[in-house]
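Asker: Here is what each chain is made of, one letter per residue.
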Amino acid sequence: MMYDFLIIGSGIIGSLLGKELMRFRCRVLMIEQHADVGMGTSAANSAIVHAGYDPTPGTLKARLNPRGNMLWDHLAAELFIPFRRTGSYVVAVEEDELKTLEKLREQGERNGVPGLRLLSADETRERIPGITFDAKGSLFAPTAGIIDPFQANFFICENAVVNGMELRLETRFEDFLWERDRIVGVKTNRGNFFSRWVINAAGIYADEVMHKAGLHADYTIRPRRGQYLVLDRNSFFWDKVVFPCPTEKGKGILVTTTLHGNTLIGPNAEDVEKKTDVFTTAEGLKEVVEGGKRLVPGWDVKQSIAQYAGLRATLFPTKDFLIEVGEVQGFVNICGIDSPGYASAPAIVEYVIERLREKGENFVPNPHYNPIREPRRLLKQLSPEERHRLVAKNPAYGRIVCRCEEITEGDILAEIHGPIPARTYDALKRRTWLGTGRCQGSFDLDRVITILARELGTSVQDITKKGGKSHFILGMTRNDDD
Amino acid sequence: MTMIDFDVVVIGAGPAGMSAAIAASDEKVSVLLLDRNTELGGILPQCIHAGFGARRFKEDLPGPLYAHRLIEELKKRPVEVWLDSFVLDVSPSRKVTVLSKRGYEEIQARSIVLAMGCRERTRAQLKIPGTHPAGVYTAGTVQRMINREGWMPGKRFVILGSGDIGMIMARRITLEGGEVVRVLEALPFLTGLRRNYVQCLQDFGIELFLSRTITRIDGYERVEGVEVAPVDENLCPDFSQKEYIPCDTVVLSVGLIPENELSRKMGVVLDPFTGGPVVDQYSQTSVYGVFAAGNVVQIYDLVDDVSDHGALAGRYAACFARSLLQWQTPSLAFSWKAPLRSVVPQRILLQEMEENGLEVFCRVSRLLEHECRLVLRSDETVYYEKKLPFMRPAEMVACRLDKGILQQWKTHPPQRLQWEVV
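Taken in order, these protein sequences are the chains called G and X. Residues are numbered in my numbering as their position in the first sequence, beginning at 1, plus a constant of 7. Residues are numbered in my numbering as their position in the second sequence, beginning at 1, plus a constant of 684.
Calculated from the structure, these hints are not laboratory results. Watch out, some of these pointers could steer you wrong.
What the hints assert, rightly or not - What the simulated footprint calls covered on chain G by chain X, stretch by stretch (three residues with Cβ under 8 Å from a Cβ of chain X suffice, anywhere in the stretch; the number is not a length):
(1) 309-317
(2) 342-350
(3) 396-403
(4) 446-453
(5) 476-482
Cβ atoms here follow ideal geometry from the backbone N, Cα and C, with glycine treated the same way.
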C-alpha cells in the first residue's frame, strides 16, 4: 500500500494537517508512538491562543501567529471546539517595563495584530480586579483567546479519521526508507510504511527525525520544561489572561483562566536533559507560586488541585519555526514548534499546503469530506427530558461511574467504541474528564478497569493508564490464583 | 418524569444511612433509602478486617458482618431501598433528583438525612511533585482492589500516612505476599488508632517512620521509586537527607474528607474544621428540614459512633416530618480554643423536646501526652469538666452533657460557651 502522505506525530500540527489533507483526494497515514493522540506538548501547555505581538518581526513565527489566531474561529465552529476570545493583558509592574509594553505594541502592529491598546495603571486595575497594586500599565490584545488543548487536538484528529485518515497508535518512527536520495517511507516498530511524502510533525522529537533525514545536524531541540499549578474553580475565581512583561527567557509566568473555570498559573522555564523529564519539582513549583503572586497576589497554594509539566520544543539556535517542504525529496519538515505553536497551527498547515502546491502537488477536492464534527455530548450536558429519553433507550447511561464529574457508563462506552477508540484510562479521562474531580479517580478506577477489560475483551491485568508498561494491576490475590 | 412522595429520604446506605433509615422507620414515617452502589453497607463490605461493633453489638465483627447486622434490622422494617441510584441534586425545598437505570425521578421529601460518608485525600491535595505514572492509589482503592476484586495492584509498596486504612492494608498486602517496604508519616505522631499500629505493623515487623514524607514520585509509565526525606515540624523537607526507595506502588492513607458536594450545592453551611455541615444536637443542618449524620458531618474513629449518630439524625428527621420538631435559629453556639480542633455539634437548639442531654465530640489538633482537663465554660461558670490522661488527634473525646445543663441554659442563657483544654 502506497500512501500519499505519512504524518509522524498526532499532536496539534499533525492532526490539523491530517484534517486539512482529507479535504483532498489522497491517502493519509498518521503514526503515533503513544497509546492515544496528542499526548506530548499539545496536551501540556498554557492553553492559550496567543495574539501575535511577541514574535520578532520578520520571523516565521511573526508571520504565522496572527494568521493562525484568526483561523481558529472557523475551526472551533466546525468542530465545536471549546474556544473563547478572552483577550490578554501584558502587565508592567516596574516603571521601566512600560517601555517594553510600548515596544510590544509596535512589534504587534508590524506583525499585523489588530486592536492592540496600551492601558494606564488605573484602567489596568479597573479592568483586572485582583491585579497587583504594583501594576503600572498594561497592553491589551483583544484577539488572544483560550482553548481546551486536549479536546481541540482530539476533535481535529477524530474529524480526520472520520474522513478517512488512517491512524496507527503505539507505532514508533525508527528510520526513513530511501530510494537513492528520495524518502519513500518509514521504518517503525510495527513494520514499514511507504508514502510519497513523509511529514515530520514529531514535536519535541522533531529534531531527531529531521537529523535522520539528513537535515540541519547542527540544529537541536533542547527541551525546556514549564511547570504549572491548577487552582480549584470553587475556591478561586479568575477570568482573565494576564502575562508579565516578557524577558529573554520567555513570556514569563502567567495567570490565566481555563475553559473549565479553573485558574492556571505557570510556566517557569528550565532546561532539562531528557525529553522524558516531564515531571514537576518542588523548586519549580515554588518559582511558579512566586511568579504568579507577583501579578495576582490574592490566591494561596492550598487552593491548587493539580500540577503538571510540559516541554517546549524550542529549536536552537534559531528559536524560530523551521518549516521546509521538499528540502529532501519526499520530506516535509515541521520543526521547532514551540510557543506560539498552538495559535499558529492552522497557519502552519496552510503554509505547508501552499508549499506542497508549489512543489507541483495537485490537490483534487474530496467530495465526501465533512468538515463538521457533531459533538458527542455527555449525559450531563443534555436537558432533563433528553437525559430521560437516553436512559430509557440505553440503561448504561443510568449508571454513574465517576461521581465527581458525573460520567456514566454510557458516556464511557461511547468513547471506547468511538472513531478513535479510547483503550486506556487516560484516553477516557481526556475524552470525558472522568477521574479529574475531587476524588481524583479513587472511586471510579476499579470500575473503569472492569469496563475497559470487558469491552476490549482482555484481562484486567492488560489494562493500562497510558499504554506501554503503565499497568494498574500486577497480579491476582492468593485466593484467585487457586 | 414521575414525582414520588416520602416523609424521610436518606441519601447514602452506609452505617449512618442504614441506622438513620431504621430509626426513622421506627417513628412510623415512610422512608426511602438511596445509594449509588449496587449493595448496602457503604464502605463496610470491603473492610474485611475485624474490629467493628464492640459497643453496639458487644462483639468483634468484620465489616461485612457489621453491615449484615444492620441490613437484617433494615429488612424487618417497611423501608423502601433504591440501589444503583445516584442523587444528582437536592433542592432547598427538599426535592431530590435521582438518576438510575429507570431514568430520572423526582422525589418530594418532608425531611432529608445526608449520609454520604467521606472520601479519601489524594495526591492532588498533598501536591507531591514528580511524574504521573500508574501505581499511585489511595488506601481505600487498594482495599477495594484486593478485598473485593481479587486484584494485586503491585509487588513492592510504599505507604504514605499512618491512617487506619493504610495500616490495615499494610497487613493485608503482607498476607497476600506483597512487600511493604516502608510506612511513612509526615507528622511526628501516629494518625490512626494505636491498636491498628500494634496489630497491623508491629506484629508484622513493618517499621513506621515518623516525620518523613515522599518528596518525589518517579517513573514514567509505572511507579519506579520514590524520593523520601525527613521533614521538620512545619513539614518542610530536609533534602540533604533524602533517599531513593525503589518500589512499584505508592499507597496514600493521608486522611478522609466528608463528602459534601450535595450539601454545598444546596447551600448547607459547612464547618471549615470538620469539613462537614454545622449541626445542632438534633443533627439538623443550616437548611430547614435537612439533617446530616455520620462521616458526612465529621470523621468518626469508630463505626459504632457513626451508627449512633445516624440513628439520632433519623429519629429527629422523622420528628421533623411529623411536625414534632420546629426549626428555629439555634440559640447557642459553641466556641473552642486551640489545641481543640473541632467540636460537634457546633450549635445548641434550646426548645422543648424529650431530651436526654446530648453528646459532644471534641478533637485536638496536636498530641498532648500529659494529663489534661477538658472544660466547657462561659466567662465565670464551668458547666462541664472531664479529666483525661492524654489527648491525641487520632482519638475523639466524647462528652455527655446532661439534661440539667440544658434546663439551666434555657432559664439563664449564657453569653458564650467555650470549650478549652487546661
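Asker: All hints, please: hold or fail.
Answerer: Hint check:
Against chain X, the segment 309-317 of chain G contributes 5 residues with a C-beta closer than 8 Å to a partner C-beta. That satisfies the three-residue criterion, and the hint holds. Check result for the segment 342-350 of chain G against chain X: violated, 0 residues qualifying (beta carbon to beta carbon below 8 Å, three or more required). Counting residues of the segment 396-403 of chain G whose beta carbon lies closer than 8 Å to any beta carbon of chain X gives 3, which meets the minimum of three for the stated coverage. Taking a C-beta to C-beta cut-off of 8 Å, the segment 446-453 of chain G contributes 6 residues in contact with chain X, enough for the three needed, and the coverage statement holds.
Residues of the segment 476-482 of chain G with a Cβ under 8 Å from some Cβ of chain X number 7, which satisfies the need for three, so the listed coverage holds.
The structure is inconsistent with hint 2 alone, although it conforms to all the rest.
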